[in-house]
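Visitor: Single-letter residue listing:
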Amino acid sequence: MATRGDVVTAVRASEARSARSMFPLDRLVVGLVFVGSIVASLLIWELLSKGGLISETDLPAASTTFAKLWDFMHTEAFWTAFFQTVRGWALGLAVATALAVPIGIVLGTSDFAARAFRVPIEFLRPIPSAALIPVLFLTLGTTLKSEVFLAAFGAFWPLLIQTMYGVHDVDPVAVDTARAYGLGRYERLYRITLPGAVPYIATGLRIASTVSLILAFTAELFMGVPGLGQKVNEASSYGLNEDLYAYALATGFLGVAIHLAMTGVERRALRWHPSQRGVL
Amino acid sequence: MGKTYGAGAKAAHAIADVSLVVDDGEFLCVVGPSGCGKTTLLKCVAGLLRPTKGNVLLRGKRVTRPPEEMALVFQEYSRSLMPWTSVANNVLLPLRHKKLGRQERKELVRESLEAVGLGGFGNRYPWQLSGGMQQRVAIARALAYQPSILLMDEPFASVDAQTRGDLEDLTLRVRDRYGITILFVTHDIDESVYLADRVVVLTHAPTEVKEIVPVDLPRPRDQIATKELAEFAHLRAHVYRQIKREQAEPGEAESGAPAAATVGQ
Amino acid sequence: MSARTSSAVKVAAEIAVPVALLVAWQAWTVHAQSQYFPRLSTILVEFRELWLFAQFGTHVVPSLERIVLGFGIAVVVGIALGIPLGLSRWGRLAAMPHIEFWRAIPPPALLPISVVLLHSIGNAQKVSFIAFFCVFPTLLNTIDGVRGIDPTLADTARSYGIRGFARIRRIVLPAAMPQIAAGMRVSLALAVIIMVVAEYFSSTSGVGYVLLISKNTFQMGPMWAAIVLIGVLGYLLSVLFSLAERYFLAWHRGWRAAIPG
Numbered sequence: 001m002a003t004r005g006d007v008v009t010a011v012r013a014s015e016a017r018s019a020r021s022m023f024p025l026d027r028l029v030v031g032l033v034f035v036g037s038i039v040a041s042l043l044i045w046e047l048l049s050k051g052g053l054i055s056e057t058d059l060p061a062a063s064t065t066f067a068k069l070w071d072f073m074h075t076e077a078f079w080t081a082f083f084q085t086v087r088g089w090a091l092g093l094a095v096a097t098a099l100a101v102p103i104g105i106v107l108g109t110s111d112f113a114a115r116a117f118r119v120p121i122e123f124l125r126p127i128p129s130a131a132l133i134p135v136l137f138l139t140l141g142t143t144l145k146s147e148v149f150l151a152a153f154g155a156f157w158p159l160l161i162q163t164m165y166g167v168h169d170v171d172p173v174a175v176d177t178a179r180a181y182g183l184g185r186y187e188r189l190y191r192i193t194l195p196g197a198v199p200y201i202a203t204g205l206r207i208a209s210t211v212s213l214i215l216a217f218t219a220e221l222f223m224g225v226p227g228l229g230q231k232v233n234e235a236s237s238y239g240l241n242e243d244l245y246a247y248a249l250a251t252g253f254l255g256v257a258i259h260l261a262m263t264g265v266e267r268r269a270l271r272w273h274p275s276q277r278g279v280l
Numbered sequence: 001m002g003k004t005y006g007a008g009a010k011a012a013h014a015i016a017d018v019s020l021v022v023d024d025g026e027f028l029c030v031v032g033p034s035g036c037g038k039t040t041l042l043k044c045v046a047g048l049l050r051p052t053k054g055n056v057l058l059r060g061k062r063v064t065r066p067p068e069e070m071a072l073v074f075q076e077y078s079r080s081l082m083p084w085t086s087v088a089n090n091v092l093l094p095l096r097h098k099k100l101g102r103q104e105r106k107e108l109v110r111e112s113l114e115a116v117g118l119g120g121f122g123n124r125y126p127w128q129l130s131g132g133m134q135q136r137v138a139i140a141r142a143l144a145y146q147p148s149i150l151l152m153d154e155p156f157a158s159v160d161a162q163t164r165g166d167l168e169d170l171t172l173r174v175r176d177r178y179g180i181t182i183l184f185v186t187h188d189i190d191e192s193v194y195l196a197d198r199v200v201v202l203t204h205a206p207t208e209v210k211e212i213v214p215v216d217l218p219r220p221r222d223q224i225a226t227k228e229l230a231e232f233a234h235l236r237a238h239v240y241r242q243i244k245r246e247q248a249e250p251g252e253a254e255s256g257a258p259a260a261a262t263v264g265q
Numbered sequence: 001m002s003a004r005t006s007s008a009v010k011v012a013a014e015i016a017v018p019v020a021l022l023v024a025w026q027a028w029t030v031h032a033q034s035q036y037f038p039r040l041s042t043i044l045v046e047f048r049e050l051w052l053f054a055q056f057g058t059h060v061v062p063s064l065e066r067i068v069l070g071f072g073i074a075v076v077v078g079i080a081l082g083i084p085l086g087l088s089r090w091g092r093l094a095a096m097p098h099i100e101f102w103r104a105i106p107p108p109a110l111l112p113i114s115v116v117l118l119h120s121i122g123n124a125q126k127v128s129f130i131a132f133f134c135v136f137p138t139l140l141n142t143i144d145g146v147r148g149i150d151p152t153l154a155d156t157a158r159s160y161g162i163r164g165f166a167r168i169r170r171i172v173l174p175a176a177m178p179q180i181a182a183g184m185r186v187s188l189a190l191a192v193i194i195m196v197v198a199e200y201f202s203s204t205s206g207v208g209y210v211l212l213i214s215k216n217t218f219q220m221g222p223m224w225a226a227i228v229l230i231g232v233l234g235y236l237l238s239v240l241f242s243l244a245e246r247y248f249l250a251w252h253r254g255w256r257a258a259i260p261g
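Residue numbers (our numbering), protein chains in the order written: chain A, 1 to 280; chain B, 1 to 265; chain C, 1 to 261.
Some chain A residues judged to face chain C by a derived CB distance under 7 Å, without partners named:
hint, residue
1, 115
2, 123
3, 130
4, 138
5, 214
Some chain A residues well away from chain C (every beta-carbon gap over 12 Å; in silico):
hint, residue
6, 46
7, 103
8, 106
9, 183
10, 188
11, 196
12, 226
By construction, these hints were calculated from the structure, which means they are not laboratory data.
Ideal placement from N, C-alpha and C gives every residue a C-beta, glycine not left out.
Bound-form chain A, shown alone (with noise of 0.2 Å):
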């Protein structure tokens, strides 16, 4: 198998033989083929549930869902609960950074660091942040406060992990043509080996981030701290199926506009590098 800088010069020359036989009309094609695509997924969720394939009540129709959505989003509480989910994902990835990329810095740089953390590391890292739920509950309650540490708690481990290999896979060249023209440790610190480790901190963000959006929506879900999570579990509670995946949905779009940021931004942290890593 090629090295990632093999297969990125092979798909840019494919791709730039493409782009070359691409007419406006091809990408009017491949617009539409995305778009129809959800449209037809649309269609047949809509045919699923008012064609009665699964009842309504079970499965409340698209449009019905979109229509309700719609309604929440002139509400006042809803976007309440929106911003609460918000906030308890940024802070709880924010802690998760500032623990994190240091912590990683440290360990990815001294090799014993890194050893001697290696057992408990590999230990804590499978725990499923899920676990300490009761915990959380029973101490912190269902406040922000719950939501952030759960949330900190399980994308902490994602960045610390692609910080150290960031750290640690710097070029050990570069380093040795630093130390040559008499830079200190702290200036190769801060000049060779923190930049090419962005790209794989950028990842790690990116994972971190939808960690701490799960575990943020799942402190809401469980503990009842106030946010989206929260309104899917009343709503599941009383029956209301069409608030229900109301706010579902309404989660999904927030995943997804979250993940399409995160994943600008680790696209721009790659391009501004040239590294050669795997893909996750």
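Given the structure of chain A, go ahead and fit chains B and C onto it with the hints provided.
Guide: For chains B and C alone, coordinates are given in the frame of chain A:
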């Protein structure tokens, strides 16, 4: 028997107009300045790329997809071999879709590996072997396929000089033993004269045939004896001069014009 | 410090640090005397009583079943869909909006819906829920793996006339395998998390269920024992996966090591 190849332009910087006829059983070398589209030419001949102008004809029939009579040996041998399986299985791969019995296939694999001098190495992984040996596996694989035509794209460029000599002689032996026609692309002028019956010199992009040099050196060729001949030095110098001339004059037309003619096709 | 002493120090640290952390944990819980954080020693005792092997069959087995089944289905579907999508540009285009949506939505948002749609909180509901979301890491990595196949290898296959199913079986799939394995690993970790969440939400058996019940009845011992068990399960599954990967992808390590520079 004659085989006609007339390949046309492919993309903006490939081949303008190349017309060749390759005879049955001959060893034809193709040389040219860097970037003149030698690989593109070979891929068109192999049926991997479609020429935008003109045709590749194999015994009178148009080549639209890789024909069964042809086998291709790439320069990057390590990337053309499958790293997940043994050398023997690598050689076996192209045989699987040929209608042969299991015993026959095994025999072919064994024979091909022996022909390239890798008799006992069937069970190793390709990446356990040196570069020269890996290229020999690729050649063995091509041989096991029993082609009548062998296409080789700068196959020894990534191999050290001494191994290159061995591989060149191996190619000649193989040609004699199996009677294959060989189309051999290289940038190494000495190699081209040493191996060939005829040497095709290509121009700089936009590429055309600059000259076809017949090589009348006695066979069997020998790395030392043949290269000591005055005729060898003369031929070699002649080809070298032609290529040098090409490199000095950057093509007959501005690269803009042909590009305009072929882009957007 | 000579290389040997420094390596000895590293090994010592590798053992000492985890031990030190455990000791610190015990010391803190003894000191804090919090009802929510029982002593480490208590937790360990509870762990042994509960899971070895009294409740093993009642709870651990169903949980493991769900993980394994959900993961298995996800992998099969992910690869089966990923290969054609990796090979077909139009297929990818058509599938892209869907993949992007379902991979971005937090799975717990769909927990209540899965119960409503399937009218049950039984095994099928949980397994299908786990399987659905675990498809995506494997699927995406399969697509990337297939797209990233070395063009020289692809040309070689083409020049020898290897097409169709044989090409997929003998070239595409093995070549993409390392990338697929990376995706499978993520799918496995995800399966554990989703299993816990799904059981916590709606189940009558399983480790997640124990977590919920012990919280509701304020039984700290079993609750922490369940937390530790979940960590142990995740760890063991990841170790098992690594072993399998080491065996099946031994060629990949050797090949990467042989590449110069």
